[in-house]
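Protein chains in written order, with the working numbering: chain A, 253 to 547; chain B, 4 to 391.
Take every hint as true, because none was put in to throw you off.
Taking lysine to aspartate or glutamate pairs in the EDC-like style, the calculated list, with each CA pair at most 16 Å apart, reads:
1. Lys-123(B) <-> Glu-366(A)
2. Lys-123(B) <-> Glu-466(A)
3. Lys-5(B) <-> Asp-220(B)
4. Lys-146(B) <-> Glu-110(B)
5. Lys-59(B) <-> Glu-137(B)
6. Lys-280(B) <-> Glu-513(A)
7. Lys-59(B) <-> Glu-138(B)
8. Lys-362(A) <-> Asp-153(B)
9. Lys-362(A) <-> Asp-118(B)
Source of the hints: derived by calculation from the structure; they are not laboratory data.
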Amino acid sequence: MSILINEHTKVLCQGITGDAGSFHTRQMLEYGTPLVAGVTPGKGGTRFDEKVPIFDTVKEAVGKTGVNTSVIFVPASFAADAIREAADAGVELVVCITEGIPVLDMVRVKRFLEGFSTRLIGPNCPGIITPGACKVGIMPGYIHKRGKIGVISRSGTLTYEAVWQLTSRGIGQSTCVGIGGDPVLGSGFVDMLQLFEQDRETEAVVLIGEIGGEEEERAAEFIRARMKKPVVAFVAGLTAPEGRRMGHAGAIISSGSGRAEDKIRILESAGVTISRSPADIGETLQKVIQKVRVS
Amino acid sequence: MKIHEYQAESIFTRWGIPVSQGVLVESRDQIKKALQEIGGKDFVVKAQVHAGGRGKSGGVKLVRGEEECFKAVSEMLGSRLVTYQSGQAGREVRKVLIAQTVSIAREYYLAVTLDRQQGKGVVIYSQAGGVDIEETARTQPEKILKKYFDIVFGLSPFESREIAFALGKDTEFVKSMGQIVPKVCEIFTQLDATLVEINPLVVTKEGNLVAIDAKIDFDDNSLYRHPDIAALRDVLEEDPREVEAKKYNLNYVGLDGSVGCMVNGAGLAMATMDVIKLAGGMPANFLDVGGGAKVDQVRAAFKIILQDKKVKAILVNIFGGIMKCDVVAEGIIEAAREIQIKVPVVVRLEGTNVDKGKELLQKSGIQIVTADGLSQAATLAVKLAGKS
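Only chain A is shown next, with the shape it has when bound in the complex (with noise of 0.2 Å):
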């Protein structure tokens, strides 16, 4: 078990043949990701690298491939309707890459997809993993491995970081979800938590957020009153000042608000294992997967 994706995903590429669409494509076939459809309008009827099939629109990929999940590559201004053509087309899984979609974009998208059963992952976010199985995403593989820790990031090089802390520990993870750095997000926190929960694999999760919106708040909420498994946290900009954006688009703290250690605390009274260094995630899990073996 793992969740969002597993061996049976079958994967399609939104943008297969731009710059990131294509290498992105090369390194999950690469990995072994079933993916066995790209989407590029006006190249329908070609193939990608003489395999992958490439359609005109998602609805002819979906009705000829049978693919249920689909990465989105396409460029920040089309982003927003490669992904209403995913959910209009039926597909259940959208993991979009794309960083800069305008955020009212993001807004009008979410409102489009309260009709369907679609569930979004990202913008600007790395993609998810399921170690040995599939990997849905820009992350780099082989510093995964299979195992028992589900991870959930609102970041990119900073969950490989934390990925790599557990790997070389001979910690494996169940699934790895970037949830994106946007302030308005497909999937949240909240929605990963509850699926983690119950994941009959997943023993405990590392949480990895940062400054900005109220993620972590809701995700504190969430585990207070619904969760069972440990969970580790880690929360990113302690030294960020106010009112200024620290590269992500949603990661800015506004009039005192989305503070990191005001999300510390609110994590930590809410049952969570906080690792006050990005250093020492992998040692703070560690320690509390132990003594939830031990007791």
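Got chain A sorted already, so can you dock chain B onto it with the hints?
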């Protein structure tokens, strides 16, 4: 992206929101003509800088007559205005807006922004407008009211009326307010703003509603579809290092510490700043070189970090994923050969091709300290920054 008050006022005028008519001056010889254009005897002189809190820091002055106005404008132009939002160095005043004074009967606060968690627009309004609004928000939050609206449908007329009636009962007032509120929402959605704020929106003694300040912030990601808005950018208001960084697709934010950092990825960059603090130091900057940094970006990043004279040591933290460690190492070596790096550099590489990267650094003969873990790297950088 932020714009100036005078630019926001011209957008308000285009949308039919009444503003106090002002004229912009950038030098003393423009004052006389400006005053003739404005007319009257009493004026308000306002520094045009991208920082709030001007009213409490001498950036807004009421003057009577030409002579006083001349004096106030002359003093302001070229001075540095320090407000609670400007940072210690303050902002150079290069433009001043002169406007008619307005006889104020009551002051309101009206703003529209996005509630990111709900994914809805939110109108924030209050009868307690003016310079103390932030204090009011802290001490009497019940005086600040909010109405959420759907971005797709926009604000309904009934919702505008509800807001107007909550602010006053007078028929004329409710009518005027009921017209201004939807316009502010329209500016917000149609121009992809992240904040539209009028503080204060006043009722004059004559009973008219007038916006006597205007603030609009825009979503940088949407500027491609608003070329007219993008043209309003005033790069002189931005940190020159940040402007330079943008040219190379680097994300840079200047801070006050002594340990410069160069990191790939925004989250890891923030975490690296944090680990520097935990090691007892303070970061000099946030710098994300991005996921696929090339040699010229690494070089530019070093140059920008070194422009900051407070920097006493540099910490490079790279988690190679798609970006390979050996490529980063080559970039560092090339940059170090090209520019004189006189402060100690601590490099921590991890991930793809890490051994190759470390080997390249060691063989290069350049003065670099390599570190293994994240905390070791930070401790070293902080120690070296303290020594040099």
